[in-house]
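Sequence lines, in order, name chains A and B.
If you read the first sequence in this note's numbering, its first letter stands for residue 1, the second for the next number, and so on.
If you read the second sequence in this note's numbering, its first letter stands for residue 1, the second for the next number, and so on.
Hints are computed from structural coordinates only; laboratory data are not their basis.
What you are looking at is a predicted structure, and each value in this text was computed from that prediction instead of being measured.
Beta carbons are placed, not taken as given, at the ideal position from N, Cα and C, and that holds for glycine.
It cannot be assumed that every hint is accurate.
Pairwise CB distance ranges, derived in the manner of DEER restraints [to be verified]: (1) A:ILE44 / B:GLU188: 35 to 43 Å; (2) A:GLY81 / B:ASP62: 57 to 65 Å; (3) B:ASP62 / A:LEU213: 41 to 49 Å; (4) B:ILE60 / A:LEU19: 56 to 64 Å; (5) B:ALA77 / A:GLN62: 47 to 55 Å; (6) A:GLN62 / B:ILE78: 34 to 42 Å; (7) B:ARG240 / A:LEU213: 46 to 54 Å; (8) B:ARG18 / A:GLY76: 51 to 59 Å; (9) B:LYS114 / A:ARG212: 34 to 42 Å; (10) A:ARG212 / B:LYS130: 18 to 26 Å; (11) A:ARG115 / B:ARG127: 26 to 34 Å; (12) A:GLY76 / B:PRO117: 50 to 58 Å; (13) A:ILE30 / B:ILE60: 41 to 49 Å; (14) A:GLY76 / B:ILE78: 47 to 55 Å.
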Amino acid sequence: MIDGGLNAYHLQYLLWGALWTIGLSLIAFIGGGLAGGVIALCRISPIKAVRWATIAWIQLIQGTPLLVVLFLCYFGLSIMGLELPGIVAASIAMVVYVSAYLGEIWRGCIESVPRTQWEAAECLALSRTQRMRLVVLPQAVRIGTPPTVGFMVQIVKNTSLASIIGFIELVRAGQLINNSIFQPFLVYLLIAILYFAICFPLSLWSRKLEQRLQFGSRAATPSANAT
Amino acid sequence: MKQENMTPVVELKDVHKRFGSNQVLKGVSFAIPKGQVVAIIGKSGSGKSTALRCIDRLEIIDSGTIQVCGHAVHDPAIDLRQLRQDVGIVFQSYNLFPHLTVEQNITLAPKAVKNMPAPQAREIAARTLKQVGLADKAQAYPEQLSGGQQQRVAIARSLAMEPQVMLFDEVTSALDPQLTGEVLRVIEALAEGGMTMVLVTHEMEFAARVADTIIYMHEGKVWETGPGDMLKNPQTAELRDFLSHGL
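All chains, please: the whole structure from these sequences, using the hints.
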């Protein structure tokens, strides 16, 4: 270590870390989304036991810090003889965490579709699965898109916790660089800018979706009185 | 089905229904023969909408029996999807599916429930839309239509399943008088076409003109029943009182 300045190699390393942050975010969102969909459906299941088990699961995850879930997946499972690489342990923890939150968000979206829509579909002889698939879910998806995109911002930022179990994403990459050049302000400022560059477009997108949704319902009112 | 012409399409016997401590139906009985139009009138809270909803098992009765097109509606083991293919219902609030076009609203159930191929379902949509006078609105979304138009689409959507009996639950209550007329004309044309129908309505003049039988409900009971012109000559003080107050 001669002159301890920030060089191109460091920047490349940071960008590499940012890519892993995006990668872990995608894993968390896709895996958590699939599991969250199942959780949302179980949460409104007609079977009471399924409903209660799902509520218990959601409460357990939402009442636990993500950091602890990460430790459980990484250190806990390794004590039980399951030695997992950082990326796998971090992925499992993120998927578990995201599924509990997305499940609850989506459950709310499904339940905000008016009961009369269920009833109308029921009176047309549609089965429960058909009512859900053809009538309720398409409307719930429309309601659920803005909060879902908004939650993606939380996912991206929360992947930084994976640095603690040694997974080299954006924050961990920054820590390693800082250990060699000792310029914490510069390094963490760069990290902050990179996080912002990932999250801000998502926030913008979420706001745009929200506005479109509001505009849709506002535009519907005058035209309903027309003719 | 021909030899069943004598048995009523809808038959309620001593039907009781309570919501919590509120006894809404206190032994309601009536029968509707094939091709007949029955109008149920009465104050709000008289149980008329509940009686109608019980016919389609949207409410589950506490005691009594309901037979609809050969289905024992009071039986917990009933095949609901079979019942609902025979019974069409139209609601006060239309309840069209907002994410689907008018045509998709109508073709949804024939395709999903009867496995009808798309071209055939579209033909039925075109036919029922013509029947309700909205042939040109197939590609519109519900929010682009007036209340009266939406209600007529809801009627077309029910008709597309070719039900044996149609139920109308205060279908014009949310509409202003001008739009009410266009919906009532559609119902009247259905009556002339021989459809078996039960209407819960506040339109007295319409009920008197179109219905073969009028049922006046009061405090959860069938209070007075008779042909269309019974409204000119009420037998009970309650019906007289009800008619003189408009609603």
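Review point. Which hints from the list above does the structure break, by number from lowest to highest?
Key: 5 and 10
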